[in-house]
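Q: Chains as they are written, first to last, in the working numbering: chain A, 16 to 351; chain B, 790 to 1590.
For the record, the hints were derived by calculation from the structure and aren't laboratory data.
Warning: the hint list may mix true and false statements.
Partner residues aside, some chain B positions facing chain A, computed with beta carbon under 7 Å [claimed, not checked]:
1. 814
2. 817
3. 987
4. 988
5. 1255
6. 1272
7. 1283
8. 1323
9. 1345
10. 1347
11. 1353
12. 1375
13. 1467
14. 1468
DEER-style ranges, computed between Cβ atoms [said to hold, decoys possible]:
15. 287(A) x 1216(B): 38 to 44 Å
16. 1230(B) x 277(A): 52 to 58 Å
17. 287(A) x 981(B): 44 to 50 Å
18. 1566(B) x 71(A): 41 to 47 Å
19. 287(A) x 892(B): 18 to 24 Å
20. 137(A) x 1422(B): 48 to 54 Å
21. 1351(B) x 131(A): 48 to 54 Å
22. 131(A) x 1378(B): 31 to 37 Å
23. 1000(B) x 281(A): 55 to 61 Å
Every residue, glycine too, gets a C-beta built ideally from N, C-alpha and C.
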Amino acid sequence: MKEKIEEIKKRAQDGMGKITDQKSLEDFRIAFLGRNGAVSGLFSELKNVPKEEKPAVGNQLNQLRDELNASFALMAEKYESSGDEPVARVDLSLPGRARLIGSRHLVTQTMDEIKAIFKRMGFSIYTGPEVESDYYNFEALNFPPNHPARDMQDTFFISDNFVLRTHTTPVQIRIMESGPPPVRAIMPGKVFRNEDINARSHCIFHQIDGIAVGDNITFMELKSTLLSFAKEFYGSNIKHRFRASFFPFTEPSAELDVTCFICCGKGCRMCKHSGWLEILGCGMVDPNVFKSVGYNPEEITGYAFGMGVERIGILKYGLPDIRLYFENDLRFLRQF
Amino acid sequence: MVISLNWLKEYISLEGISAEVISEKLTSAGLEVEKMTDQSAIYKGFVAAHVRECIKHPNADKLSLCKVWDGQNELSVVCGAPNVAVGQKVVLATIGTNIPGKDFIIKKSKIRGAESEGMLCSESELAISDNHEGIMVLGESAEPGSAISDLLGLNDVIFEIGITPNRPDALSHLGVARDLAAIFGREVKKPALKNLPASGDIHKLAAVEIADTQGCPRYTAKVVKNVTIGPSPEWLKNKIQSIGLRSINNVVDVTNFILHELGQPLHAFDLDTLAGNKIVVDKAGALKEFTTLDSNKRQMNPDILMINDGEKGIAIAGIMGGENSEVTAKTKNILLESAYFNPSVIRKGAKFLQMSSDASYRFERGTDPHMTPFAAERAAELIAEVAGGALIAGTIDIYPEKIEKKTTELPYSRIERILGFTIPKEKVIQILKSLEFVITDSTEEKLMLEIPTFRPDVEREIDVIEEVVRIFGYENIPDNLIVSYPVHNRVDQTEFDDQIKTALTGLGYFEAISLPMISEWESSLFGNPVKVKNPLTVEMEYLRTSLIPGMLQNIRRNIHAGEKTIRLFEIGNVMSRTGEGEVSWKNLHEETRCVLVLTGEAETKEWYRDDRKYDIFDLKGDLESLAAKFSIDSFTIDSYYSTEKNIFGSVTELKSRGQAIINGGSVRKDILRKFDIDQPVFCAEFTISSLAEAVKKREGFRHLPKFPKVFRDFAFILDSEVQFNELVAFVEKNQTPLLSSFRLFDVYEHKSLGEGKKSMAFSLEFYNENATLTDEIVDREFNSLIQKISKKFNAQLRGSN
Chain A
16 MKEKIEEIKK
26 RAQDGMGKIT
36 DQKSLEDFRI
46 AFLGRNGAVS
56 GLFSELKNVP
66 KEEKPAVGNQ
76 LNQLRDELNA
86 SFALMAEKYE
96 SSGDEPVARV
106 DLSLPGRARL
116 IGSRHLVTQT
126 MDEIKAIFKR
136 MGFSIYTGPE
146 VESDYYNFEA
156 LNFPPNHPAR
166 DMQDTFFISD
176 NFVLRTHTTP
186 VQIRIMESGP
196 PPVRAIMPGK
206 VFRNEDINAR
216 SHCIFHQIDG
226 IAVGDNITFM
236 ELKSTLLSFA
246 KEFYGSNIKH
256 RFRASFFPFT
266 EPSAELDVTC
276 FICCGKGCRM
286 CKHSGWLEIL
296 GCGMVDPNVF
306 KSVGYNPEEI
316 TGYAFGMGVE
326 RIGILKYGLP
336 DIRLYFENDL
346 RFLRQF
Chain B
790 MVISLNWLKE
800 YISLEGISAE
810 VISEKLTSAG
820 LEVEKMTDQS
830 AIYKGFVAAH
840 VRECIKHPNA
850 DKLSLCKVWD
860 GQNELSVVCG
870 APNVAVGQKV
880 VLATIGTNIP
890 GKDFIIKKSK
900 IRGAESEGML
910 CSESELAISD
920 NHEGIMVLGE
930 SAEPGSAISD
940 LLGLNDVIFE
950 IGITPNRPDA
960 LSHLGVARDL
970 AAIFGREVKK
980 PALKNLPASG
990 DIHKLAAVEI
1000 ADTQGCPRYT
1010 AKVVKNVTIG
1020 PSPEWLKNKI
1030 QSIGLRSINN
1040 VVDVTNFILH
1050 ELGQPLHAFD
1060 LDTLAGNKIV
1070 VDKAGALKEF
1080 TTLDSNKRQM
1090 NPDILMINDG
1100 EKGIAIAGIM
1110 GGENSEVTAK
1120 TKNILLESAY
1130 FNPSVIRKGA
1140 KFLQMSSDAS
1150 YRFERGTDPH
1160 MTPFAAERAA
1170 ELIAEVAGGA
1180 LIAGTIDIYP
1190 EKIEKKTTEL
1200 PYSRIERILG
1210 FTIPKEKVIQ
1220 ILKSLEFVIT
1230 DSTEEKLMLE
1240 IPTFRPDVER
1250 EIDVIEEVVR
1260 IFGYENIPDN
1270 LIVSYPVHNR
1280 VDQTEFDDQI
1290 KTALTGLGYF
1300 EAISLPMISE
1310 WESSLFGNPV
1320 KVKNPLTVEM
1330 EYLRTSLIPG
1340 MLQNIRRNIH
1350 AGEKTIRLFE
1360 IGNVMSRTGE
1370 GEVSWKNLHE
1380 ETRCVLVLTG
1390 EAETKEWYRD
1400 DRKYDIFDLK
1410 GDLESLAAKF
1420 SIDSFTIDSY
1430 YSTEKNIFGS
1440 VTELKSRGQA
1450 IINGGSVRKD
1460 ILRKFDIDQP
1470 VFCAEFTISS
1480 LAEAVKKREG
1490 FRHLPKFPKV
1500 FRDFAFILDS
1510 EVQFNELVAF
1520 VEKNQTPLLS
1530 SFRLFDVYEH
1540 KSLGEGKKSM
1550 AFSLEFYNEN
1560 ATLTDEIVDR
1570 EFNSLIQKIS
1580 KKFNAQLRGS
1590 N
C-alpha cells in the first residue's frame, strides 16, 4: 500500500509538470483528484489495510490528498479562467433571451421628476376629484361669478354647478379645509379645458399645483423656492425672468420664465421668438382664499404655484404634436 | 392689445430709454410684451430716389426703363407702374431689401433683357395701404437717399401686449404711459381740452334717461351739429393705422382714437334718427330681435341692457350699436355716448349674444366711471375739428348715484410681512403717487390711500402691495433664501399608484393615458355615465365609466400601426352617477382605477423558442404576479365561462377574502368588433382602493428554513372533466402541516391514456420547521394524500396499476 501511495505521488508530480493549459489542468484533476481518480481509488482500498496499520496509512493518504489539492489549487489559479467556458463551443454571438420591460408614460415620468424635487423639499402630495363643483373650481378660489377671469379657462360643464376641473388648484382648498396650517403640498392631476384639439392645444392636460401656508411665508421665499426648483429641474445655468401676472387666487401674482433651452434665448418657434419659456404661474395666496377655508389672513400667509406637465416634454424632446401624448402609440411610448 | 411707441410719447417723455428696455420693464410689471415690431427695421433699404430718365422698355409694352438717383449712384430700374414719370420723387427698394407687402427680397435681375437694380414701390408693397394702383409718389422735398422710415414716419415701434383681466386701466395708451411713468419715475402729460367755442344748448337738442341705474350708473352725452362725414386727416389716419385698425371715417376714427387713448369706449349716434331726440337706457324686456350695425340679427333676452330712443332700441349697450342709428355718409348731427356700464351686466349680455367688441371687452373688465365727461368732451372737440361741425354747448351727464372712491390703509409692516424684505418708504410713496393713488394721510407706520376709480381691481391692502412690488420690479426681489423645510407627517397620495406602475412596467406593460371623454355607445357598455353639457364632439360627450373603452381604442390604433405585441396599462379616474335629477355630490361617483390589456403575440419566434399568442393564462399569470407582489390577503383567482351579460366571454377574477377585486377576462368578440378589432384581447380592471384595502398587513420576519425540504413528484390519470382548482381545493382541505407547496407542472392528454382521460403531474414540497424530515415520514404523508386523491377523484397514479 505504501508503495502504491508513493507511486501515485510520483505520477502526480510528473502529471503536475505537464499541465500547460486549462484542458490538461482538468485532465489532471479527473485523473488524480476526481471522484473516480487515483487518490479516491487509494482511499477505497483503505478498507483492505490491516486494522493496526490503518491510522498510519490513513494519515499518509490524507497528507497526499492535501498536498495534491494544494499544488492543484496553485496550478488552477494559473490556468483556470472564469470556469464558464462550456465543453462544447456555441456561437456566443447569437442574440440573448431578452425580456420586455414596459415604461411609464412620458407625462408620468415628468411628474415623477417634479414630485421628487418637491418631496425632497418637504412637500406632501395630494390628489382630488376631476369632476368639481363650481365652488371648489372657481368660487373658493376667488373667481367671482360673471368675472372675465373665468374666460382665462374655457370650461366643460356637467351641470350649472359642476364642471370638469380646469386646474388642480381646487385640491388646495380641499387640503386647507381638512386641517389647520401649516400646509406644504403639491397636487398633480388631470385638468380639462374646452379648447379645440390640434397640434398645439388639447382639451386635457396634466398640471402640478403647489401650496405652502404658514406663519411666516413670504414672496421672497416663494421666489427662492421656485427658483431652486427651476434650477434643479432645468439646470443650474439657466437664466430666469420673474414677472408680474394675474391669477384670481393669488395676490401678488407672478410668472416664472426661463431662457428657451432650445435656442438658448436667441428666439425660435418654440418660444415664439421671445427667447423665453413660461414655466409656471405663482403668487401669494389671496386673503379671500384663506377666508373661504376659514384661515385667518391676518395671522398666516402662503404661496401657491402651478405648472403644466405636457408642455415640458414638448419643449424638452421637441414633440411636434401634443396629441401624441394621448394616442398611446407604442412606437411613441417605447421611446421614453 | 396694440400700443404704438410714437403715440405713447405724446403722454410721456421716454428720452434715453430704448424700446427693448421699455418692453422688458412693461413685461416685468405685468404688461407682458408678447411681440415687439420695430418698423424702421422693416423699412430698412427703402430710400427716396429721383427719377431722372424714363423710356419705354423695347421688349415690353407695359414696362418702363428708368434711371434713378439715390443720392449716391444712378441706378437702372425696370418699372411696371403706369404712373412713373421723369422728375418724380419715388420710393426705391435697393438690392437686398425685403418687401414687407409681398415678402420677397429684391435681387439684381434682368427683366426682358433689361437690367434692373432695384424696385420702385407702391403703397401696398410697403404694406401701408391696399393701394396698388401705381407707385407711391413722394413730395418734392424728399431728399434722394433719405430713409423712407423717417420720411413717412414709419419709425414707430409697435408693442403687442397681453393684458390680464385685472388691468382694464392698461387698455389704452394713457394707461400704459402711467405704468411707464411709475417705472421710470417720469411725468405723464395728460391730454387737455382745447375749450373750443361752442354754441346752442344740448339740453334743447337731446335728453337722456336711465331707467336701469344698476346696469348703467352713468351716461354722458355730447352733441356736434353739421358735421361732414369724410376721410380722416393724416394724423388721425396714421394713429388709427399704426395700431393695426382700418380708418373708416372722421367720426368713427375719433371714437376709436379716444378708446385707444383714454380707454373709454364711445358710440356716435346719428342724432336725426333718434325718435324724440331721446336716449333711454333700459333692459331689453320684450324686445326679441335687434339688428346690429354689422347687419346681423341678434336674438335678445330680457336682461340685456339696451340703449333706446323714444320708440325703439338703437344699440346694445356697451356691446354694439344698431344699424338703425349708425353714422352714415349722410349723417349731419351726432350724439356721442360716453357711459359707464355695470361690468357683469355687459359680460352676461356679451356671453349670451356670443359677441365681443373692443367696447364690451373694456366695459366687462371695468372702465373708469369718472372718465365719461372728459372723454365725451374731448371727442366732441376732435370731431368738430376733423369733421367741421359745430360744437354744441353743454354736456348731458346723468349720474344718479355717485360712485365713491375706495379707500384703504397700507401699514408698512404688512408690506414686509408679505414680501419678506423692505422697500424704502420713499419708494413706496413715489410708486403710489405715480399710479395716481391719493395719499390722504400718513404716519410713520402707515399710509391712508384713496384708490383711483380706473383701478377696479384694487380694493385691499394686499392689492396695493402688489402695485408697489410690481413697479418696484420682481427682478429686484431677493431670492437667496435657503429653502429647507422641516419634514413631518408627510403624505403622498400617489404612492400606491406609483407602486402599481412600477410592478406593471416590470411585467412588461407600457403606461397609456387616454381621453377621459368617450362616446355614448362606449359609455353605455358600463354603468350610468355622466354627460358633458358642452362637449367638443359627440365622440366626447360622456365621461368614461370604465377605462376599458379607451384601452380598446388604443389597441385598435396600435394594431393598425402594425404592432404585434400589445401590453398596455392605465391608471385613471372614472365617473358614474346614480339616479336621475340634478348632479350633486350625492349622486356622483368618481374613483381611480387601473386597467391592463394584452393582445397579439405573447412570444415572438426566436432561435430558442416558438412563437405563441396571448391567452387567458397570460392575464391570469399577471394577476397572480400582482397578487404576490402586493401580498393580497387570502387570494384566489377564478376563471370561468361567462353566463351572464358581461363584456368578458371568459372571466378571470381575483378575489381576496372572498371579495372580487380584479375583474378581467377575454373581451367578447361582438364588443371587439364594434371597436374594429378582430383578434382576442385579454383585459382586467380594478379599483385602486379595493386593491389597497386587500393588501395584507406586513407581518414580522419569518425565519429562513433551517432544515432541508423534501420533494416528491407524481402524476395522476384522471377524468378529463376534473378541474385543477377542484384538486387544489381538495388538497387544501386535506392538507397536512408538512406539505409546504403543491405545484402543477404538466398536463397531458393522449389517447394512450384512455378515452376521456388526462394526466396531471404535480411537484410536492414537504418541510418541517422543527426537524429534519425523514423519508419515512414524508412517504407516509405522501401516500396518504395520494390515496385520498385517488379515492376522491377516481384517479390512478401513473406508472402504477
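Q: The structure should be examined with respect to each hint, and the outcome stated for every one.
A: Hint check:
The criterion of a C-beta within 7 Å of any C-beta in chain A is not met by residue 814(B), whose closest approach is roughly 10 Å, and the hint is violated. Of the supplied interface hints, the one on residue 817(B) holds, with its beta-carbon coming within about 5 Å of a beta-carbon of chain A, less than 7 Å. Of the supplied interface hints, the one on residue 987(B) is violated, with its beta-carbon coming no nearer than about 38 Å to a beta-carbon of chain A, more than 7 Å. A distance limit of 7 Å between C-beta atoms decides the matter here; for residue 988(B) the minimum to chain A is near 42 Å, and the interface restraint is violated.
The closest approach between the C-beta of residue 1255(B) and any C-beta of chain A is roughly 4 Å, which is under the 7 Å cut-off, so the hint is satisfied. Contact between residue 1272(B) and chain A, as hinted, is supported at the beta carbon level, the nearest pair being about 5 Å apart and thus within 7 Å. With its C-beta approaching chain A no nearer than about 5 Å, residue 1283(B) sits inside the 7 Å limit, and its interface hint holds. Checking residue 1323(B) against chain A by beta carbon gives a least distance of about 6 Å; that is within 7 Å, so the hint holds.
Against a cut-off of 7 Å between C-beta atoms, the interface hint on residue 1345(B) is violated, since the closest Cβ of chain A lies about 11 Å away. Against a cut-off of 7 Å between C-beta atoms, the interface hint on residue 1347(B) holds, since the closest Cβ of chain A lies about 5 Å away. The interface hint given for residue 1353(B) is broken, as the beta carbon of that residue sits about 10 Å from the closest beta carbon of chain A, more than 7 Å. Of the supplied interface hints, the one on residue 1375(B) is violated, with its beta-carbon coming no nearer than about 12 Å to a beta-carbon of chain A, more than 7 Å.
For residue 1467(B), the suggested interface contact is broken, since its CB lies about 19 Å from the closest CB of chain A, more than 7 Å. The interface hint given for residue 1468(B) is broken, as the beta carbon of that residue sits about 15 Å from the closest beta carbon of chain A, more than 7 Å. At roughly 34 Å, the beta-carbon separation of residue 287(A) and residue 1216(B) lies outside the given 38 to 44 Å, and the hint is violated. Against the hinted window of 52 to 58 Å, the Cβ-Cβ separation of residue 1230(B) and residue 277(A) comes to about 53 Å, which satisfies the hint.
For the hinted restraint 44 to 50 Å between residue 287(A) and residue 981(B), the CB-CB distance of approximately 39 Å leaves it violated. Here the CB-CB span from residue 1566(B) to residue 71(A) is close to 43 Å, well matched to the stated 41 to 47 Å. Hint check: residue 287(A) to residue 892(B), Cβ distance near 19 Å, so the stated range 18 to 24 Å holds. At roughly 34 Å, the beta-carbon separation of residue 137(A) and residue 1422(B) lies outside the given 48 to 54 Å, and the hint is violated.
At roughly 36 Å, the beta-carbon separation of residue 1351(B) and residue 131(A) lies outside the given 48 to 54 Å, and the hint is violated. The given range of 31 to 37 Å is respected by residue 131(A) and residue 1378(B), whose C-beta atoms sit roughly 32 Å from each other. Residue 1000(B) and residue 281(A) have their C-beta atoms about 59 Å apart, which keeps the hinted 55 to 61 Å range intact.
Against the hints set out earlier in the document, violations occur for numbers 1, 3, 4, 9, 11, 12, 13, 14, 15, 17, 20, 21.
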